[in-house]
Structures are given as C-alpha cells and as structure tokens.
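Protein chains: 2
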Amino acid sequence: MSWGIAGCHGVAIRHHRQEAIGLAFAEGRRDVPFEIARVYYLWGLNPGDRRGEHAHKALQQVYICVHGAIDVVLRDDLGTQRIRLDKPEQGLYLGPMVWRHLEPQTPGAVLLVLASEVFAESDYFRRQEDYLAAATELRRASATPAPGNAG
Amino acid sequence: MSWGIAGCHGVAIRHHRQEAIGLAFAEGRRDVPFEIARVYYLWGLNPGDRRGEHAHKALQQVYICVHGAIDVVLRDDLGTQRIRLDKPEQGLYLGPMVWRHLEPQTPGAVLLVLASEVFAESDYFRRQEDYLAAATELRRASATPAPGNAG
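Protein chains in written order, with our numbering: chain A, 1 to 151; chain B, 1 to 151.
It is worth saying that the hints were derived from the structure and are not from the lab.
For every residue, glycine included, the Cβ atom is placed at its ideal position computed from N, Cα and C.
There may be inaccurate statements among the hints.
[Said to hold, decoys possible] Computed beta-carbon distance windows for the label pairs:
id, chain 1, residue 1, chain 2, residue 2, range
1, A, ARG140, B, GLU121, 36 to 42 Å
2, B, THR80, A, PHE119, 35 to 41 Å
3, A, PHE119, B, ALA58, 25 to 31 Å
4, B, HIS101, A, THR106, 49 to 55 Å
5, B, ARG82, A, VAL73, 38 to 44 Å
Using the sequences and the hints given, assemble the complete structure.
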C-alpha cells in the first residue's frame, strides 16, 4: 500500500443534482476502499484556524468539505502538497503515514471524514518530528525508490 | 424493533468543542445501533424546498444537520411529528417504516445521513399511500396495542 503524499488522491463522490440541491453517497468497500467504521465531522472552521495537525500509522480516511472551502495541507518526508476542497462531491483519500493539517478558507466551513477504523490513540502521530522520523525510517527500510513527488 | 414514529428518537452525538470549532464522531455499533454501510449527504437545501419524501421497510438511519437548520417531518399511520435539527451534535435516529420529508429552515442547509445498509430500491416506499397501507396492515397484524403517539 502506498503511503505518504503518494498514497493520497482525489475521489469523485457519486452524486445527483436537482437544481441547487446535491445528493452524494458513499458506500463502504464500493465508493471508498474500506468499511466505514467511523464518521466524524468538524464545523465552525474559520479562516485563520489551523487545525488537525497529525498523522496516522494505518488509518485510511476520506475528507469531504460539505460546506465552504478548506485547504488540506499534506506533508511527508519528501515534501508538501496543498489541496483545496470546495465541492461536496469531491473527496480526498488519505492513506497511512501522511502528516496533514487544515486551513479553512471560508467562514463556518464543515469537514466530513469517513474513516476505516474506530478511534485508537495508538494509531496517531501527534508530533510532527515523531512522524517525520518514522517516515524517514520507513522510506529507508523499503526497497522502493523515492517517487518524484517532492514539493 | 419499534417502527413508525415510535421507532424514532433523538441521538446525542459525542463531541468536543474548542471555541467555535466542534468535532463530533460516530462509530458503528457504538454511537449508532448499526454498522455504517452507507453515508450520504444533501446540500444546497433552501427554505421552501420539500425533499426526501419516502419511507423504508427495514433501513435504519441517523439524520444530522451539519450546517443550518432542517425540520424533519415524520408520519406514520397514527399521526405526524415535526423535529427540528439545528445543531451538528444532535442526531435523529429513524427506524424502519416511518414516512418522512425535509423542510429546510435556512439557506444552504446540509444534511448528513448514516445508514445501516447499502442502497436497495426494494427497501423504499416512494408513494405515501403505499406506505400507509403497509403500516396500517402491520399495525393490524401485530398484537401490540397502538401507542399513544398520534399527532
């Protein structure tokens, strides 16, 4: 399984539109590559907030901005990438071992997250230096040549 | 299992708050009484829209208004009930065999739904008269006295 920024990619969420109203749906193991063990959401996110700085060892997630616009800033041992989420039908899949934080772009933005596992504190990196040390070690231990995704 | 309006109830979603920002989370079989097989969401709901008129034979769902305010109007063979969803940490559990529609109360409201099963057209009642006939028959067939929830 890919990890770090190389393990992240956009996901088009199946949806219908009827005039202004949108309806999007995601089924576990069909629209997202995992059973949906947990759903969480953040609201009241405002420009200037910087939230959600962490990485996961194994968790897979799909981030969806269902109201407003949020930049998701990814980081791994090779570089950084900024991805704007501003359409409810557009998701971002995050694989394991990627550092991320949120930079809301509009007042009162809402982020919906679908997650592959229930909450487990042991799966978190809370300190960026711990994550980067582990990512560097993982890269060294794997035989895979570094992909050219350094930001 | 209860059905109709008697099978619906409010659900407090576990959450944290840090100033304006809220974070709420729901795990399958812990916070909601089913595995989360499907997640869907509606956006761009505006006052004057009347959406989502249907009932399910077996599906269980939790409705959460993550932006704005939405009235959920329930109906069964005994009566009606109107429930306002206007806090992201407040959910509404809907059991089987209840007719419902949405009446958005604020512009651009967003409804998040957690569902116990993947999509199956055969589980839907699309016409209220079909639902009411089935609900009346189910009430008659069961030995249970009618609860006093007629609206």
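Structure-based check of each hint:
1. Distance hint for A:ARG140 and B:GLU121: a CB-CB separation of about 52 Å, inconsistent with the stated range 36 to 42 Å.
2. One distance hint, 35 to 41 Å for the beta-carbon pair B:THR80 and A:PHE119, holds here, with the actual separation near 38 Å.
3. One distance hint, 25 to 31 Å for the beta-carbon pair A:PHE119 and B:ALA58, holds here, with the actual separation near 29 Å.
4. Taking 49 to 55 Å as the suggested C-beta distance range, the pair B:HIS101 and A:THR106 does not conform, at roughly 29 Å.
5. Distance hint for B:ARG82 and A:VAL73: a CB-CB separation of about 42 Å, consistent with the stated range 38 to 44 Å.
Violated hints, listed in ascending order, are 1 and 4; each of the other numbered hints is respected by the structure.
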